[in-house]
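Chain residues, written in single-letter form:
2 protein chains.
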Amino acid sequence: MDVRGERLRRVRLSFLPRAEAFLITSPENRRYLSGFSAEDVSLTESAGALLLTRKEAFLLTDPRYQEEAKVGQPFFEPRIYQKGLTAELKELLPLLGVKVLLVEPRYVSLSFCQALRRKLPWLEIKEAPPIVERLRERKDEAEVKLLKTSLVIAEKIMLEVSRQLRPGVSEKELCAQIIALSYRWAEGPSFPPIVASGPNAAKPHAEPTARKLRKGEPLLIDMGVKYRGYCSDITRTFCVGEPDERFVKIYRLVLAAKEAAEKKLAAGVPAREVDLAARAIFRKEGLERHFWHALGHGVGLAIHEAPALSYRSRKRLKSGHVVTVEPGLYFPDWGGVRLEDMVLVGEEGLLRLNTLGFLEL
Amino acid sequence: MDVRGERLRRVRLSFLPRAEAFLITSPENRRYLSGFSAEDVSLTESAGALLLTRKEAFLLTDPRYQEEAKVGQPFFEPRIYQKGLTAELKELLPLLGVKVLLVEPRYVSLSFCQALRRKLPWLEIKEAPPIVERLRERKDEAEVKLLKTSLVIAEKIMLEVSRQLRPGVSEKELCAQIIALSYRWAEGPSFPPIVASGPNAAKPHAEPTARKLRKGEPLLIDMGVKYRGYCSDITRTFCVGEPDERFVKIYRLVLAAKEAAEKKLAAGVPAREVDLAARAIFRKEGLERHFWHALGHGVGLAIHEAPALSYRSRKRLKSGHVVTVEPGLYFPDWGGVRLEDMVLVGEEGLLRLNTLGFLEL
Chain A
1 MDVRGERLRR VRLSFLPRAE AFLITSPENR RYLSGFSAED VSLTESAGAL
51 LLTRKEAFLL TDPRYQEEAK VGQPFFEPRI YQKGLTAELK ELLPLLGVKV
101 LLVEPRYVSL SFCQALRRKL PWLEIKEAPP IVERLRERKD EAEVKLLKTS
151 LVIAEKIMLE VSRQLRPGVS EKELCAQIIA LSYRWAEGPS FPPIVASGPN
201 AAKPHAEPTA RKLRKGEPLL IDMGVKYRGY CSDITRTFCV GEPDERFVKI
251 YRLVLAAKEA AEKKLAAGVP AREVDLAARA IFRKEGLERH FWHALGHGVG
301 LAIHEAPALS YRSRKRLKSG HVVTVEPGLY FPDWGGVRLE DMVLVGEEGL
351 LRLNTLGFLE L
Chain B
1 MDVRGERLRR VRLSFLPRAE AFLITSPENR RYLSGFSAED VSLTESAGAL
51 LLTRKEAFLL TDPRYQEEAK VGQPFFEPRI YQKGLTAELK ELLPLLGVKV
101 LLVEPRYVSL SFCQALRRKL PWLEIKEAPP IVERLRERKD EAEVKLLKTS
151 LVIAEKIMLE VSRQLRPGVS EKELCAQIIA LSYRWAEGPS FPPIVASGPN
201 AAKPHAEPTA RKLRKGEPLL IDMGVKYRGY CSDITRTFCV GEPDERFVKI
251 YRLVLAAKEA AEKKLAAGVP AREVDLAARA IFRKEGLERH FWHALGHGVG
301 LAIHEAPALS YRSRKRLKSG HVVTVEPGLY FPDWGGVRLE DMVLVGEEGL
351 LRLNTLGFLE L
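Sequences listed follow chains A and B, in order.
With full-length UniProt numbering, letter number 239 in the first sequence gets 239, and the count goes up by one each step, no holes.
With full-length UniProt numbering, letter number 117 in the second sequence gets 117, and the count goes up by one each step, no holes.
In short, the hints are calculated from the structure, not lab data.
Be a bit skeptical, because a hint or two may be false.
Chain copies aren't distinguished; within one or between two, either way the pair holds.
When the alpha-carbon atoms are kept at most 27 Å apart in a straight line, the in silico BS3-like pairs for lysine-lysine are as follows [unchecked claim]:
id, residue 1, residue 2
1, 318, 70
2, 99, 249
3, 126, 215
4, 212, 156
5, 70, 203
6, 215, 172
7, 99, 172
8, 156, 318
9, 83, 126
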């Protein structure tokens, strides 16, 4: 059976006990089920939605995406609306005999719900659990291949940019180059690249500035691309010129934490234990409080998705999970080091998806 | 009085009769009032919100944006939350004595509202009219200056790219160059650039493809950048090599429609009449149905904002409106021509913000 048909079957199994129809407005869920690749223009300009019932599946969109919508066939019948999604639902839901509609609560606005209520006062709108998100957690072979390709492109860009590192080059220039190459070699960045030099490398959300690279300072680059919708995510930290003792010590510690975490990583292991394995390495050196974010996150059609590799997580890892492993140590007066790879969780352990190595120190 | 203080005063005048507090989650409204420039990571990852009461004004955000949040002072007191916005509101709203909270219905998700209801069952959540959007419609002098700078950068990119036009160059390559320059010279594109050659130029929402430019075909480029948050938007249509009679005729017609519309444009004029003035030119040639979108739209912190220059609009233009004027003619078998400038509406007529001209045919 086609993978799309199988995904659809499993979504129906989950939602049909709850409602007669399920409206899917998350762009990633929409793409996962239908292949429809259009991206929402903005928070308030959606490129469309999927509507599922027991028998039917529609891809609802506006005339701009008419051509693209055909990609959903044969599973999804395209329906092009002229007057907006709620007007279309007002016509369609009564025809389909829908009395209870499941919606994705994080992906519908209050104004959308109110408009629907005004148009169809008898309709019961119910919040869906993360049905499609749960399916998306475990990647199949074809998805792993796409993620790998996305990562190969990101690594190629990382390599290319690492050749330009010299004192005087600004964070912004490097960032512009990363973005340009992301569009040239892929569909664009999977998130706004972080290019942070010196003390900026200690900021958890560093926006690239006009600051120029200086000798002996750390330079942290965190970036990724989208390839056929699939996101890559990689971080490397460099040193312009000769690294000093401090840099070497911190870099090695972060690498050791990464290796400790990866040793833990396998199907069946609680996600929190993996995070704690990395944290333990830092604790031994009294540096635990300088690692101030979670160890990693799932990655797929969304740059951040389940499962989280966090000490707060209560989930166990499963084969088919693809997660980032990205420990870091940060010192506001000096900078920071973060090293990030993407790995596939298997029954026996992990498969590293990266091929790019680390500094030899 | 500082412009921020005055904006805040006017927002309070509008919302205080409706509720004790107003939560602002639209990224553009947030920036307009506070200067906070962080952008939302995705539909479900907000960079923060503003909370206004009669006396207080807070900028609520998470630790990533701690530094950036200071920009709101002295009008906005930064409050950094660790556990998310709804948890922060659960603490803050009772302290402030808020019983009725106004929210922006297009910028809060159903899950946000439900979480707030669970945490504060006694709170009445009310939908706000577009209070800040209405203020944003009329630009002050400083805003016009920023829009002009944004447009100057976009025109510079348009010129630069127009020098690369020759048979064999692909739409994608040109698009990647536009994006790279947008990040180099500004904060990035204001929307995904359209680079559409030959028949693709007739598609209302053309995504750049690997298609290569051919001699004698139209090439439509629609792009813009963000400069200190302000969006520019410009379209030019080129011809690779010698334009034929058909191209010349269509180009001149579109230019004539643009001029007819601009002659109409002044404060007090109904927006629909401006659209209809352009449409009348096409009607005379029997080509009205080949102009299949509205004539233009307001532009500012958002790429699309009020007022719309549409035959469906019931608004009158006011001085301080900045709108695009972008008539076009499209033929699916051949391609299309669209020409777009940005203009400032004044009491006596319009001020064209562009300096870039048109093809001499």
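Quiz item: Out of the numbered hints, which ones does the structure contradict?
Solution: 1, 2, 3, 7, 8
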